[in-house]
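K.L.:
Single-letter residue listing:
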Amino acid sequence: MSQITDLTLAQLKQALGDGDLSSVEITTAFLDRIDSLNPELNAFITISHEDACKAAADADAARAKGKAPAFAGLPMAHKDLFCTDGTRTTCGSKMLADFVAPYDAHVVSRCQQAGLISLGKLNMDEFAMGSSNENSFFGAVKNPWDLSRVPGGSSGGSAAAVAARMTPLATATDTGGSIRQPAALTGTSGLKPTYGRVSRFGMIAFASSLDQGGLIAHTAEDIALGLGLIAGHDPRDSTSADQAVPDYTATLNDSLKGKIIGLPAQFFDERLDPAMRRSMDDVLDVFRSLGATTVDVSLDHIAEAIPAYYVIAPAEASSNLSRFDGVRFGYRADNPKDLTDLYERSRGEGFGSEVKRRILIGTYALSEGYYDAYYKKAQQIRRLIKQDFEQALSQCDLLFGPTTPSTAFVIGEKTADPVAMYLEDIYTVATNMAGLPGGSFQAPLIDGLPSGYQLTGPAFGEGAILNAAHQIQTATDWHTLRPEGL
Amino acid sequence: MSLTSDDVKRVAKLARLGLTQTETNETLTQLNSILGLVDQMQQTETDGVAPLAHPLELTQTLRADQVTETNHREKYQSAAPHAEAGLYLVPRVVE
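Chains as they are written, first to last, in this note's numbering: chain W, 1 to 486; chain S, 487 to 581.
Rather than coming from a laboratory, the hints here were simulated on the basis of the structure.
Note that beta-carbon positions come from the ideal geometry of N, C-alpha and C, so glycine has one too.
A hint or two may mislead.
Derived pair list, reagent style DMTMM-like, types lysine to aspartate or glutamate, alpha-carbon separation capped at 25 Å [stated by the list, open to error]: (1) S:LYS499 / W:ASP372; (2) S:LYS499 / W:ASP51; (3) S:LYS561 / W:ASP325; (4) W:LYS257 / W:ASP237; (5) W:LYS337 / S:ASP525; (6) S:LYS495 / W:ASP341; (7) W:LYS386 / S:ASP525; (8) S:LYS561 / S:GLU581; (9) S:LYS495 / W:ASP325; (10) S:LYS495 / W:ASP334; (11) W:LYS94 / W:ASP341; (12) S:LYS561 / S:GLU543; (13) W:LYS376 / S:GLU509; (14) S:LYS561 / W:ASP334.
Facing chain S, according to a computed beta carbon distance under 8 Å, are these residues of chain W, among others [unchecked claim]: (15) LEU360; (16) LYS376; (17) ALA378; (18) ILE411.
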């Protein structure tokens with residue numbers, strides 16, 4: 001058998017069920033790997049040694065009595081914006097550096113009920129604002145493929161931890177690409193479900209009409225297993241969809257014969273990097289060999305998605321983050337001279353620079369006299385984008401394109417220019433604007449670094465995305481490639 | 487449209503966000519570059535397009551007006567920087 005930490009969640013589940021491995025063995029193996037690699041990678045903010053070991057022993061005991069839930073004793077880790085009762089939840093911010101939530105997020109409870117063990121909390125860009133994981137109060141996360149490069153963001157800790165085999169499964173969130181972009185840059189699989197598919201209860205809010213929780217793992221199969229646990233209606237989130245959750249694993253092996261893959265012209269125009277185009281062509285060749293056909297489609301308003309996103313997301317963020325006032329929870333400035341000073345200094349000292357920029361942009365866009373020019377205009381463009389997707393998806397089953405313009409960039413390369421950083425999400429943002437499900441999966445390496453392709457489906461089409469990605473993963477070995485030396 | 491240093495201070499005041507002078511200066515350049523990106527929206531024809539607030543366009547769900555939660559005041563206040571006797575403490579606002 002290969003090393004325990006090399007196994008996928010599905011393989012670990014099988015080994016545990018067959019009695020080949022115990023939860024204590026599995027959990028200890030991952031914790032040891034975290035301890036040895038985390039000082040370099042910085043993927044974890046909090047490591048839950050004691051709780052995880054105790055839960056593993058309990059899971060083994062329950063399994064011996066035949067009373068264990070399906071995923072009992074299997075390890076995972078949570079992005080540090082999912083609230084965990086009793087373990088601190090920092091959101092990558094000084095503002096919440098010591099915050100211990102008084103309840104569990106819905107996603108956290110569902111994982112716990114299924115028997116999954118949390119190994120700890122994963123690093124991220126502060127308040128999920130960023131595309132490189134350089135905006136964390138707890139320091140940048142390194143890409144396991146090249147320590148001088150970023151892992152992407154904002155779920156950079158989730159992606160790096162899976163890529164480095166510190167956990168087989170990680171929760172993540174995606175507001176404009178924060179699951180798909182880091183998955184692409186680290187050679188992992190990531191899925192952003194349909195808006196409303198996974199409850200946002202207990203997920204610290206960034207932009208409420210765009211935020212969606214999802215997963216990063218090695219394979220589409222592992223994501224199918226995990227999504228079945230966290231998806232579904234939750235009355236505590238008023239935007240949670242009351243829709244039945246299918247068995248995502250049941251359709252993984254469906255044939256792709258006759259399936260139509262749509263290629264949006266705007267993803268493949270002259271601006272696409274030639275190496276990335278070759279990588280995408282390699283994936284498309286496999287789709288065709290599996291019986292799928294392709295059709296050219298158009299997303300006419302894709303170029304406006306980034307400008308409109310940088311109104312809507314900061315506007316919603318400026319409202320959501322007004323709750324951090326130094327009074328009820330979080331950081332509080334020392335010796336405030338009056339209430340205004342308390343608010344202004346607690347927020348000024350507690351938030352990092354990218355968060356401040358977005359609060360200011362959002363406050364400006366929503367301030368008196370600017371509503372029509374910014375927020376309303378952005379929401380009108382949002383409808384045009386959604387209509388583009390409806391039109392394109394009426395001609396095909398799934399849309400295909402690169403997840404990112406290029407492979408992982410060097411740490412520090414884009415920090416001085418926020419707009420250059422924002423354009424990193426040029427292929428992913430529109431999916432959030434339309435509320436559709438999108439996944440990023442492993443494509444061939446480019447000069448030794450991972451690249452990713454993106455599949456976007458109709459609302460609640462997660463099963464079709466995972467099916468297509470699983471078929472590619474069955475026919476290729478790109479998802480099994482691992483960073484050398486780790 | 488270009489912001490001035492006074493605009494940044496005004497918006498920061500609205501957001502109750504304390505900025506140092508250095509931060510205000512740095513932020514000014516960056517905000518103007520972000521607004522340059524955002525202003526690309528104005529090229530798009532949107533007359534008669536209804537704004538889209540939520541992707542699924544769900545109507546707000548309602549529930550029966552029944553008590554479903556118990557009181558967790560003590561636990562919730564345990565995360566507060568300064569709380570006493572069930573109250574959140576702030577600097578004096580009324581003399």
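K.L.:
If a hint holds in the structure, say so; if it does not, say that too.
P.N.:
Status of the hints after comparison with the structure:
This hinted pair checks out: S:LYS499 and W:ASP372 have alpha carbons roughly 22 Å apart, not beyond 25 Å. The hinted pair formed by S:LYS499 and W:ASP51 fails the criterion: a straight-line CA distance of about 44 Å is larger than 25 Å. This hinted pair checks out: S:LYS561 and W:ASP325 have alpha carbons roughly 19 Å apart, not beyond 25 Å. Distance restraint check for W:LYS257 and W:ASP237: the Cα-Cα separation of roughly 38 Å exceeds the 25 Å cut-off, and the hinted pair is therefore not satisfied.
Among the hinted pairs, W:LYS337 with S:ASP525 is inconsistent with the structure: their alpha-carbon atoms are about 39 Å apart, more than 25 Å. With a C-alpha separation of about 15 Å, the suggested pairing of S:LYS495 with W:ASP341 holds against the 25 Å cut-off. Taking the CA atoms of W:LYS386 and S:ASP525, the gap is about 20 Å. The hint holds against a cut of 25 Å. A hinted pair counts as satisfied when its Cα atoms are at most 25 Å apart, and S:LYS561 with S:GLU581 does not qualify at roughly 31 Å.
For the proposed pair S:LYS495 and W:ASP325, the alpha carbon gap of about 19 Å is at most 25 Å, so the pair holds. Proximity of S:LYS495 to W:ASP334 is assessed by CA-CA distance (about 23 Å); at most 25 Å being required, the pair is judged to hold. For the given pair, W:LYS94 sits about 18 Å from W:ASP341 by alpha-carbon distance, which is consistent with the 25 Å threshold. Among the hinted pairs, S:LYS561 with S:GLU543 is inconsistent with the structure: their alpha-carbon atoms are about 36 Å apart, more than 25 Å.
For the given pair, W:LYS376 sits about 29 Å from S:GLU509 by alpha-carbon distance, which is inconsistent with the 25 Å threshold. The straight-line distance between the Cα atoms of S:LYS561 and W:ASP334 is roughly 24 Å, inside the 25 Å bound, and the hint therefore holds. Because the smallest distance between the Cβ of W:LEU360 and any Cβ of chain S comes to about 5 Å, under 8 Å, the interface hint for this residue holds. For W:LYS376, the suggested interface contact is upheld, since its CB lies about 5 Å from the closest CB of chain S, less than 8 Å.
At a threshold of 8 Å, the smallest CB-CB gap from W:ALA378 to chain S is about 6 Å, leaving the interface hint in force. Taken as an interface hint, W:ILE411 does not check out: its beta carbon lies about 19 Å from the nearest beta carbon of chain S, beyond 8 Å.
Violated hints, listed in ascending order, are 2, 4, 5, 8, 12, 13 and 18; each of the other numbered hints is respected by the structure.
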